[in-house]
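One-letter residues, chain by chain:
Number of protein chains: 2
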Amino acid sequence: MRKNTFLLSSIVAGVFAAMLFESGVSAQEDPLPSWNDGPNKQAIVEFVAAVTKEGGPDFVEPGARIATFDNDGTLWTEHPIYTQLAFALDQVKAMAPDHPEWKDEEPFKSILAEDMKGVAASGKKGLTEILAVTHAGMSTAEFESTVTDWFATAKHPRFDRPYTELAYQPMLDVLNYLRANGFKTFIVSGGGIEFMRPMTDEVYGIPAEQVVGSSIRTKFEMQDGKPVIMRLAEVNFIDDKDGKPIGINQYIGKRPIASFGNSGGDREMLEWTGAGDGKRLMMLVFHDDAKREYAYGPADGQPDTHIGAFPQSLMDEANARANWHVISMKDDWKQVFPSE
Amino acid sequence: MRKNTFLLSSIVAGVFAAMLFESGVSAQEDPLPSWNDGPNKQAIVEFVAAVTKEGGPDFVEPGARIATFDNDGTLWTEHPIYTQLAFALDQVKAMAPDHPEWKDEEPFKSILAEDMKGVAASGKKGLTEILAVTHAGMSTAEFESTVTDWFATAKHPRFDRPYTELAYQPMLDVLNYLRANGFKTFIVSGGGIEFMRPMTDEVYGIPAEQVVGSSIRTKFEMQDGKPVIMRLAEVNFIDDKDGKPIGINQYIGKRPIASFGNSGGDREMLEWTGAGDGKRLMMLVFHDDAKREYAYGPADGQPDTHIGAFPQSLMDEANARANWHVISMKDDWKQVFPSE
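Which chain is which? The protein sequence lines are A and B, in order. Once you know that position 229 of the first sequence is 229 in our numbering, the rest is easy, because the numbers rise by one and skip nothing. In our numbering, each residue carries its 1-based index in the second sequence increased by 1000.
None of these hints come from the bench; they were simulated from the model. Any given hint might turn out to be false.
[Claimed, not checked] Calculated cross-link-like contacts (lysine to aspartate or glutamate; reagent style DMTMM-like; alpha-carbon spacing at most 20 Å):
no.	chain 1	residue 1	chain 2	residue 2
1	A	K226	B	D1242
2	B	K1254	A	E202
3	A	K219	B	D1160
[To be verified] Far from chain A, some chain B residues (derived; all Cβ distances over 10 Å):
no.	residue
4	G1038
5	G1123
6	E1194
7	V1235
Glycine is no exception: its CB is placed at the ideal position from the N, C-alpha and C atoms.
Modelling step: build the complete structure from the supplied sequences, incorporating the hints.
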């Protein structure tokens, strides 16, 4: 019996050792494998460690661990044009057979002629008309199904992959890492809320109810005895610049403790996040990687842009604040897209 | 050794039996202990069983298990006046020393004289003025702290208890039961979103980001270099009647599969919920219990009301639809408040 007991002890010890080993591996596992080591990766890991350390001076209750993310240029590619604009242009082309008059009317004429300079020349008035015909005049259910179909087939002109595959792997790492540490992650984007919602759960693991965005007005009505919500060609809310803290307050009702952006439209969101008490993390993705993605913004030799512009004044503000961090896509990210 | 083996087997068997016993007790535990047995309790239990049964014809993925609840009169007492109105009247009294002119100006004169008929006579214009001085002109942080302080001290005139103790225990049972079954629970109320948020987590277990309500416009601005959000005396959104499905679409972006209300203001929310595909549950709390709470609405001998009115046409609609259920507070609820 002594021999058997010894055998049993050996087995138990082996199992325990294996458990310890596994847990050791898990604790040392890199939570942000797509990031190169450096101060930005370190800032994220140290922030998460600090706010989740129970009894520590920076501990934050799970219910207050709110992190907000801009979408275009922060979570996925926004060049050469915003994905939602690509959708709108494709919709105009798809709808054109029913609108023979568009052959002679701007901005539709330029869209159908693939003349992007002509589209741009139509300015804000042109854009409003494009959005009115492609985003309004249908029910929310019809719009959702149109958007879903488009995401399933449309491809990015340079990368020749579905737009939904152009999320940034390092930001997916951050989303997963934060959620694994009790954070609730939200999108707070200037993009249309109902354009994003059909894909955010699949692409980012962010459910529709955690998406804040711009919206148009809607109207509840009965059609053949069935209630529908119709989309109207009137702006309801622009979730950009000062609209971001307003949208956060309106939708979430809590101040984030971490915010991620990439352009001048995100400045107020980061300021609002940073002005709260306790430890905070503010990060801006800087597009300086023309080879793997795009380069634009305030640095020598980088072209300026109208899509997701990162003004020098924002770079100055980020550099002046200790808990704001500028992420260099070129230096900080080991990998850009999931498929690499 | 045979004896030891036998002993070991007995211990193992005992542990297993205890586990089985516990799990058996747990499965038979009443998930809605404050409800009397009857068709309404049964409808809730059967609905939850159906939508959570994997592989079953009515199974709903956890992410789509959205349940929405009106607040006033559905989750807590709304008589003799809405809690938010009681707050506003108290605020007028607290602010009066700084406003000597109110002694001669309606609706403030009537409020200070405790003349509720005079307040009512000032109508919509009076109510707008009351809301403007008590709900606007301060930052969101100041308003939150005022509301929090008020909830900590104010008491209901009849029950002489904090308003936060006047949630309905049977509805707390439903909230807990749904959440234990993978539901996400939301408030969708005509009440002010920033009036409710300071108490919903503590009272209902519903965090701020799952509260949809009426709101006023806000403005982001810098004060002494610090960003603040100021509350403006302008309506932003009325989350009542057709505003409820619009608010649900705007904030949640998913159609609920279960909705709970108690008045004409909830009709469109229930219609919108019921018009989706698959199994749905729609319930209306009917206040017919003058003894334990209040009685008002369309039934013989019950007085009509302007606070949370339940019109006969809504009762007719509920009776005509198979998956709408009218909860009788008197008959269906074993207990009304948590403290009983």
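Against the earlier hints, flag every one the structure doesn't satisfy and list their numbers going up.
-> 3 and 6
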